[in-house]
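Once you've looked at the hints, dock chain B against the given chain A.
2 protein chains.
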Amino acid sequence: MLTGNLPKLLAFSGSAPSAIGVAAARSLCSGGVLVAHSTPGPGMHSAARDAPRAVAAAEEGVANPTRSGSDDAHPGYVPEPTEPGDRRHRLVIVGSGWGGFSLLKYADAKRVHVSMVSARPFFLFTPLLASTCVGTLEFRSIQEPVRNMRFPNEGDFHQAIVTGVDTSKQLLLCQSALDASYKYSVHYDTLVLGVGMRPNTFNIEGVTKYGHFLKELADARAIRVHLLRNLELACEPGVSAEERQRLLTVVIAGGGATGVEFGAELHDFLVQDLPKLYPHLQDHIRIVLVEPNDILGAFDSRLRTFAERKIRQRRDMTIVRKFIVDVTEKNVHFKDGTTHPFGVLVWVTGLAPSPLAVSLSQFPKNKQHQFVVDQQLRVTGIPNVYALGDCAAMTPALPCTAQVAERQGRYLASVLSNLGSDSAAVASAPPFVFKSMGMMAYVGDHDAISDLPVTKLSGKDA
Amino acid sequence: MLTGNLPKLLAFSGSAPSAIGVAAARSLCSGGVLVAHSTPGPGMHSAARDAPRAVAAAEEGVANPTRSGSDDAHPGYVPEPTEPGDRRHRLVIVGSGWGGFSLLKYADAKRVHVSMVSARPFFLFTPLLASTCVGTLEFRSIQEPVRNMRFPNEGDFHQAIVTGVDTSKQLLLCQSALDASYKYSVHYDTLVLGVGMRPNTFNIEGVTKYGHFLKELADARAIRVHLLRNLELACEPGVSAEERQRLLTVVIAGGGATGVEFGAELHDFLVQDLPKLYPHLQDHIRIVLVEPNDILGAFDSRLRTFAERKIRQRRDMTIVRKFIVDVTEKNVHFKDGTTHPFGVLVWVTGLAPSPLAVSLSQFPKNKQHQFVVDQQLRVTGIPNVYALGDCAAMTPALPCTAQVAERQGRYLASVLSNLGSDSAAVASAPPFVFKSMGMMAYVGDHDAISDLPVTKLSGKDA
Chain A
1 MLTGNLPKLL AFSGSAPSAI GVAAARSLCS GGVLVAHSTP GPGMHSAARD APRAVAAAEE
61 GVANPTRSGS DDAHPGYVPE PTEPGDRRHR LVIVGSGWGG FSLLKYADAK RVHVSMVSAR
121 PFFLFTPLLA STCVGTLEFR SIQEPVRNMR FPNEGDFHQA IVTGVDTSKQ LLLCQSALDA
181 SYKYSVHYDT LVLGVGMRPN TFNIEGVTKY GHFLKELADA RAIRVHLLRN LELACEPGVS
241 AEERQRLLTV VIAGGGATGV EFGAELHDFL VQDLPKLYPH LQDHIRIVLV EPNDILGAFD
301 SRLRTFAERK IRQRRDMTIV RKFIVDVTEK NVHFKDGTTH PFGVLVWVTG LAPSPLAVSL
361 SQFPKNKQHQ FVVDQQLRVT GIPNVYALGD CAAMTPALPC TAQVAERQGR YLASVLSNLG
421 SDSAAVASAP PFVFKSMGMM AYVGDHDAIS DLPVTKLSGK DA
Chain B
1 MLTGNLPKLL AFSGSAPSAI GVAAARSLCS GGVLVAHSTP GPGMHSAARD APRAVAAAEE
61 GVANPTRSGS DDAHPGYVPE PTEPGDRRHR LVIVGSGWGG FSLLKYADAK RVHVSMVSAR
121 PFFLFTPLLA STCVGTLEFR SIQEPVRNMR FPNEGDFHQA IVTGVDTSKQ LLLCQSALDA
181 SYKYSVHYDT LVLGVGMRPN TFNIEGVTKY GHFLKELADA RAIRVHLLRN LELACEPGVS
241 AEERQRLLTV VIAGGGATGV EFGAELHDFL VQDLPKLYPH LQDHIRIVLV EPNDILGAFD
301 SRLRTFAERK IRQRRDMTIV RKFIVDVTEK NVHFKDGTTH PFGVLVWVTG LAPSPLAVSL
361 SQFPKNKQHQ FVVDQQLRVT GIPNVYALGD CAAMTPALPC TAQVAERQGR YLASVLSNLG
421 SDSAAVASAP PFVFKSMGMM AYVGDHDAIS DLPVTKLSGK DA
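Going line by line, the protein sequences match chains A and B. Residues 1 to 462, numbered by UniProt numbering, are exactly what the first sequence covers, in order. Residues 1 to 462, numbered by UniProt numbering, are exactly what the second sequence covers, in order.
For the record, the hints were derived by calculation from the structure and aren't laboratory data. Glycine is no exception: its CB is placed at the ideal position from the N, C-alpha and C atoms. Take the hints with a grain of salt, since some may be wrong.
FRET-style restraints, in silico, Cβ to Cβ [as the list claims (entries may be wrong)]: (1) B:Lys105 / A:Arg315: 46 to 54 Å; (2) B:Gln313 / A:His280: 55 to 63 Å; (3) A:Asp283 / B:Ala427: 42 to 50 Å; (4) B:Arg410 / A:Arg314: 39 to 47 Å.
The shape of chain A in the complex, shown without the other chains (with noise of 0.2 Å):
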């Protein structure tokens, strides 16, 4: 989006968006790394440095799941559940993302008890996060809170991490993503798993510490402070030539749909707005995208080599093919031996499961630990609980997109709002199908790419 942007980015802010656009659809992008290893690391939580604190707790509250299924591993475990009296159908929704988002605004409250537990007390329209980094958009512009969606009581909705499920007694382990000293159970009837996953480190220590993740508003933040922090450092007298031009420098690790328009989002910015302001920057400004395969690999071969093309002819924009193996302070590794320098990285690789996914051994899961799902969406051989959106395994296999978790909200929503009157339509529901609207992504100058199920676009018609 080419709009005024500089001085709404220098005030961390911008304005109301005029349209909210198609949802860019995602696919699970494979990005320019080396696989070392598969399974997610430790430090796999965000870095960013100035995320409120309920969200650095949660973030790192997550890292550390207990085993699930055993009171023993919950220290401080209360076996009651939550408003015990209550004999209401209780559906509990586990994630405020756009599966349990959209299952909970679309759930008939009337008939069944539905209350969420999530870390992040918000819905977030992810596919535009790259516009809050540049100021185009802002934070508030692209989240809802879930208590907008006015819960009768204020129970009805846990700032929380669920560390466990005990399937035997459907109770949930929760421990407060507020203060970790609080752990309590909520009992289920119906349990729906919308966990999402986590960005992939491809357990590469620097990118945590290094690098920034574009999964959470946090992470926007950081990136639009870290930018303005290097525009103004870099006109700091004293600072070398070969310094101004490293802060200056962003590398985008990822040539995913995210990656693509967040350069994209950049290279709008640098543009149209860094000349009003800082004149003789201008020409220093490198956008470095890192991707060893085709950028867009999702999309149709024309479709890329579009967005390719275009990226190519900028100035300010190159496109490196080779794969990160290590990140340092100041520089990324290649494979081949070779470096890059970078003030500013953004790691948009790939995806990793989230860790109550992997401590759930119990579950039965595909080998990148997405529960395995039936066609009505159910966990398979788990009683009462149900999965949808990037942590559940359909077969054939469905992208993690924004698309077809919002659907499956829906699905489940119609299917399960049922749960309190009658329960053999919910056991013979019939199955979800997903009918594409599409993909889209943004390439900057107003052009766009438009995989559509009927006809396939590319400029400004996209």
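Just chain B now, with coordinates in the frame of chain A:
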């Protein structure tokens, strides 16, 4: 301001101000604390926990200024002034507060070369800070980036801390607020100091550790996060009734205009917004205003009485007339040996000098470490150096208010714009005369008090 705030608070957001009212005048309030020592301690910088790194770095930096006027005290000192080839008269402003920003805004940049050094890259509309804590206003609504003033060269603004002044060579010794390893000097022909004052902890260590100031955007953001956190924590199963009561108690230390207005905003939020989303919490919330002397001491006695009666009528608000002598993690301790628990502590008790003012030992200062200036705002005995706003002491003394600083900035802009052409006019400038526009303070429930030169108002008309 009574508007629907809660969804906005939850979203860390709010709407733009429809109209910014008269800047509430501020007096040098003494506040509800026992003065143990009146000199500033080393831990004086804000405790805001989620401050952007730039601000955090700046605030760390200012706590350790070096001695002024000595090259030896400034390791890494760069002796060459920036832009030595520029022969225009260089007016350098230190500080981007009410005084400095007003001068920057009104100075004639065609006639003098204006540049600014400030650790904060924006101007902050401080009287509305309280409104941002509860979501009535968004943070961005009350700040204005200095680069929006269109410096023609990036180097005309330095996000830096001033660590000293070499008056013989007319050099400012600077340290980057973003990276302490960058140290350099900036040459001035004329220097204006608008470095303000800092919150006064009265050497009570616990204030910085457990309380919030209300002086910077980072403070307001931290208060907002803390309020939200406590509301969510108070809903968690397993939280005792006593602990819930503590979490929902906000103690405001200081009954000046800032404290009273923060309490008013909080009261409106509790009455208007809270019941919608936290219906069962509303009876547990308490606001405690601690002030050993009269509240709003700078106002007329009838206005004070009106405000106090309004506050005492509220179920959720009390005034405690005691001295605070210590602050621990969950309690304030009074001089009479009693204590009061708090969930959130907001500390708005008075002002202490900036570290730069303390360190400039050869500058003439009064007991409050304010620079002694003459009627033209020239620092006595220091050639080509002016001071304005809170850090400047005129005779007779003027209050430390936004209004005074803003008027002084306009005055200096008109005087100093002649620097390049008519030095005689500058030397013989008419004295600064302060004509008060009056004071006002919002006390909640749509009521305010106005202490105007012509009349005293209270209630809806104020």
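Against the structure, the hints come out as follows:
1. Distance hint check for Lys105 of chain B and Arg315 of chain A: the Cβ-Cβ separation is about 36 Å, which falls outside the suggested range of 46 to 54 Å.
2. The given range of 55 to 63 Å is respected by Gln313 of chain B and His280 of chain A, whose C-beta atoms sit roughly 60 Å from each other.
3. Taking the beta carbon of each, Asp283 of chain A and Ala427 of chain B are about 44 Å apart, inside 42 to 50 Å as hinted.
4. At roughly 45 Å, the beta-carbon separation of Arg410 of chain B and Arg314 of chain A lies within the given 39 to 47 Å, and the hint holds.
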